[in-house]
Every structure is written in structure tokens, then in C-alpha cells.
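Residue numbers (the numbering used here), protein chains in the order written: chain A, -16 to 241; chain B, 2 to 414.
No lab work stands behind these hints: they were computed from the structure. Watch out, some of these pointers could steer you wrong.
Straight-line C-alpha distance at most 20 Å; calculated PhoX-like pairs for lysine-lysine [said to hold, decoys possible]:
1. A:Lys3 x A:Lys133
2. B:Lys356 x A:Lys133
3. A:Lys104 x B:Lys184
4. A:Lys93 x B:Lys364
5. A:Lys104 x B:Lys381
6. A:Lys104 x B:Lys356
7. B:Lys364 x A:Lys99
Keep in mind it's a predicted model, so treat the numbers as computed, not measured.
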Amino acid sequence: MITAGIDLGTAAIKVVFIDKCNLLWAKALPTMPQYVEISEKLLEEGLESLSIREKDLAGIAATGYGKRLFPNAGRIVDEISANAAGAYILSDKTARTVINIGGQDVKVIKLSSDGKVIDFKMNDKCAAGTGRFFEMAEKILNIPVREFGKLGLLSQSPAHINSTCTVFAESEIMSLLSVETNTHDIIAGLHKSVARRISDLAGSLYLEEEIYLDGGPGANRGLVSAMQEELMRDIKVFPIPQFTVAFGAAAILSRKNG
Amino acid sequence: MNRETYSRKDMEERLLRKVKKDIQCEHDIELMSLRERDDFSSEFEYFLEILSLGIYPQKFKERFNKPLAGLYCVQVPLELFDALGFHPFRLCSGSLAIQRLSSGRVPSLTCPIIKSCLSSFYLDESMEKLCDLIVIPTTCDWNAKLPEIIGDKANSIHIMELPHIKESERGRERWIQEVYELKKVLEVHAGRRLNRRQLSSSIKKYMSAWQVLGQLIELRRRGAISGTWSIIIANAFMLDNVESWTEKVKQVLKNYNVPKKKNNPDVFLTGSPVFFPNLKISELIEEAGMFIAGDELCTSERNLTGATICDDYSEHGILKTLAERYQLSCSCPSFADNYRRAKNILDTMRIHNIKGVIYHILKGCHPYDIESFYFEKMIKENGYHFIKIETDYSHEDRQNILIRLEAFRETLC
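Looking at chain A on its own, in the form it has when it is part of the complex (with noise of 0.2 Å):
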């Protein structure tokens, strides 16, 4: 029994394709105005590689900020529900505390120990510590975001960067670079400032072991560094952390019609 889910996020549409609880397929692109056209694009070209057809499927789940827009959706799943089930069951049920960096939003989610939503924090309208604040930063740098962890965790001595707005951030990089520093020490600045604001974010939700980080810059193993820094603790990385959402939201719907 296959199961689609759709995660239309902010930055970028993911698309998985599961059977029980086992990922057959994942694939992402970035966001465009287009939301329907390439998630549609997305699950044909899905459908194509596992050579079945969308009669096939049992379902399809969507999430994501635009969830709502996808007409073809069997079944709407809020994103803190589909993180947390996607973030439970790639964990092997171990996770307790899930920390997603999405495109905009960073959330903080408690789980139970039976994969329920205890408890969430998540940002309000500030992009500060997002997906958002890395496309800023890639932009200053001129470096890919993708280069981000490996620069910098080669710094010895990171930069300070104390502002938790990113159109703050943005003119104290520019004041950094106008001084000369190391990218290296202003990428692991920039770092540490994002897992300083998640700290503050999570504030009074104690956060169990068995931390997880997703979302596309759980990637980034610079920033991994840093939170684990901050927060303390170690924090476990998915092996494509960018599709626990869409896979939770397909597991969803796979129970349900189960």
C-alpha cells in the first residue's frame, strides 16, 4: 500500500513516496509560484520511477504552508503532527524532541513516548534563525549554503553576531566583512547565532534526550556543532533530514487507511 506525501514548503516542495513505513522514493525543488504545477510534476515524475500509476496509491497526504493549495490531497496534515510522526518513525521511535529549520519557521516539538505532541514552540513572523537567514547570508558571502558546514568548522575563532533579526544580522556581516574577518569566523558565528535563537525559542520546554534536528539545514554539520554547543546536548541527524515532514504526513495517512 503506497502512500504519497506532499510537504509545500516555503523554500522548497517535497515529495516522498512510503509503502507501511519504508521511503521508496524522495525527491525536492525549490519553491515557486508554481505550487501545483511542481508538486504535480513532482509525484509523476515519482510515479515514473517506482513504475506505478496515481490509481495505485492509497493516498495522498499534504503539508506544509501550502498544503491547502494542492487539490489532489486525500488528506490536510498540520506540519508539527507530520514532523513529529516522520521524526518518531525514522527514529525507530526513539526521538523525544525534534527541531525543525524550515524555510521561515523553526519549531521546537516535544514527543511522547508513544510519538504524540506533548509540547511546541515555534517562531512568529521574525525569519531570524531560518532557512531564510542562510539564503541571506549565502547572498552576502557569495558562497554556497552548502559549503556553510564545512567552512565553518574551520574556524578557531568564531565572530560575533548578537543580532536575532535577520535584517540586523545581514548589516552586521556587512560591518564584519568591512573589518576584514575571516568568511570561516562569520560563518561559524552566523551558526552559533541561529542555536543561540533556537535556545531561546525552546526557552522553558526542557527538551528531552534524543534530539533530532531536520529540515533542510540539518545538513549543514557546522551548524549541528553549534547547537549541540548551545543546547548542550547531542542532537541526531536524519539521513535526509529535509523530508521528515512529507514523510510524516504520508505515514499519517497510511495508518489512517491501515
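Given the coordinates of chain A, work out where chain B should sit on it, guided by the hints.
Below, chain B without anything else, positioned relative to chain A:
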């Protein structure tokens, strides 16, 4: 020189015209969206009509045809105004569109209610400007500084110094003195002395209003009227004539019963005030599939603080009882000793089996924000779910809030 002066004036007039048009549009959109709801009933038209008067100050004045007394906050005894022939009403605004007129005049992180209220003084015509008297209790820092910010734009302002510790003899005595001072000011404006019989009669009118508000709350607890409509009705009380409002609520109680959707879990809404046309938080809670079974908003269930029951029917006895009711029964977080607020919420949650609290904070509304941390801990320790939503009157965070509320709903199911 002449050209520059003319140009500036012209620009100001253009801005004013634009803002007025935006305010009208904002009101119309909210009214239309309310009328399009599945649970709309003709009984609600009256309350919408009253709220619509907010942007037609002359019509408002003509309708009530009495000297207008604009009040900030719930601590000002309404009965005194009624007994001395004033039409008391709350100066509270939920308009985003009007806020442009206060930009550059107050800090950017000013409480949105204050921004909107202050902006009204920069319109060529507003209810604020038509007031014969404005009374401001020093509840929060914003209100304490408001008279200074308004400056000479109001006809007459009276400040009531609110003692921030309720449970002290000194605090109570101080507030009684403030109520006496208010009485004197009102007598001067009215040109006559307070009549004990008229005061008793006014107290009865407000008692009746309080009783019907209690019945409306019961209707809501039973799931027969939504949170948004309850807030609308309570909001209208803040502008309306007390007797007319009471009669119209009685009609709602008699005729209205639209049961809530079965799968929508009950939640309790607390925090910063919600006032028309800014119903963003209540509408989003309902859109996320929850039922607001109760609230603790000073613009809704806390609008009327209780019954005035006197042991001593002398003028002093009545004024003392009135003062104590408005001070002791009020659970505004601007009071330092405010354990009653937590107790009231927990009691309601327990009695009505409500599982979650939604704590609404308007950015810049500091007393509620400060208390939110203690409340989060206390509510969670008591086994309930809690979510804090910090926002303002703008619309761009609706989707972000909706995501959080939808997930919060899942934690309640």
C-alpha cells in the same frame, strides 16, 4: 513658503482621506466576513450595527444623545456616569488601518490598542474627539503616559490613579478616594450633585446587564454560541446603552442556539483584549477547529465585573461598595497581587472540562506578556495544554498562527 505650507497640508489631507477609506474598508470586510459565517443569525445584526457606529461619530452622538464620557479600561465605575446623565463607553480600538496616523508619534513597539486609540485623535472627526470627558485609569504604563501623548487633542481628561496592590488597606482607601474624586469631576461637568436614588437605579441597570452576560457565558459553556459571537456581543456592550444591550442579549438567549461542531475541542482564551474589527485570534482559533468555550478578556467575559451588593445604602456605603467591586473583582495583570486571575481560569477549566489555554499577547502589551511565563508554568503543572500566541493587528502572520493552532488542536484530541 506658501507653496510648501500648502503642499504639506495637501499631503496631510490626502493621507487622512486614504486612512479614512482604509478604515471603512477594514470595517466592511470584517462585517461581511461575520455575516457570511454559518452560525450568523439576524439577532446579531443589532450588535454589529452598534460596533459599526465606531466609524460614524456623529451618528453615535445622535443615537445616545447625552454627554459622552470615553473610558479606558474596566476599572472606571460605569454606574456613576449613568447616574449623572452621561453616556459612558469604552475607548478601545481594534483598527489596524488607523494606526498610520500615530506612526512617528509613539515608539514602534507601542501596544496596538494604544496606537489605534491615539490615532483617532488625528482624524478630523472621531468618537474620541467628540467626548465631553475622557477618563483614564493608570492601569499599565501606556495608559499612565497616554494623557501626555494625547496632549491638548482631547476636550477634557481626568486621570484616575490606580493602586496596583489590591489586597492592602491603603490601596483600597486610595481607590475609594479616586472614585470620590471622579464623582466630583462628573458633578462639575454635569452641573448637578449625584443623587443617591439615581445611583441605585443605575446600579440595578448594570446588575441586569451583568446577569444576562452571565447567561450568555453559560450558553457559550454549553457550546450553543461561538466565542467570536460572544466577543462581538460583549464588545457591543462597551459602546451601547446598557438597557438596550440587556434587552437585545435577552433576545439572543431566547432565540439562539447553534451547537458547536462535535469534533472541535474546547479551549480557553486569555490575555490581551480582542476588540472589533480585530477578531484575528478568535477567528483563527475557530478556523483551526477549536471551540472557545470561555475567555478571560477585559473586552468580553470580564467586561462586567460582578454584582454590587451593598450593606450600607448611604451614599458613602454605595460608593465604597462600587469602588471595591471595580478594584477587587478585576483580575487585570496590571495589579501586582493577581492570584485571582489564575484561580478563575483554573476553576473554569476544571468545572467545564476544558483542556487547553490559548494565551493571546498583543506585542507591546507588557502586563499580559510578563504574566504569560508564570501562567504557562502554572497551567502546564495543572495538567492542561498551553500555547502562547504573540501578534498584533496585522494580517501577515495569520498562516503562521494557523499552523500553530492546528497543531495545538491535535495535542487536545
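Among all the numbered hints in the text so far, which are the ones the structure does not match?
-> 1, 2, 3, 4, 7
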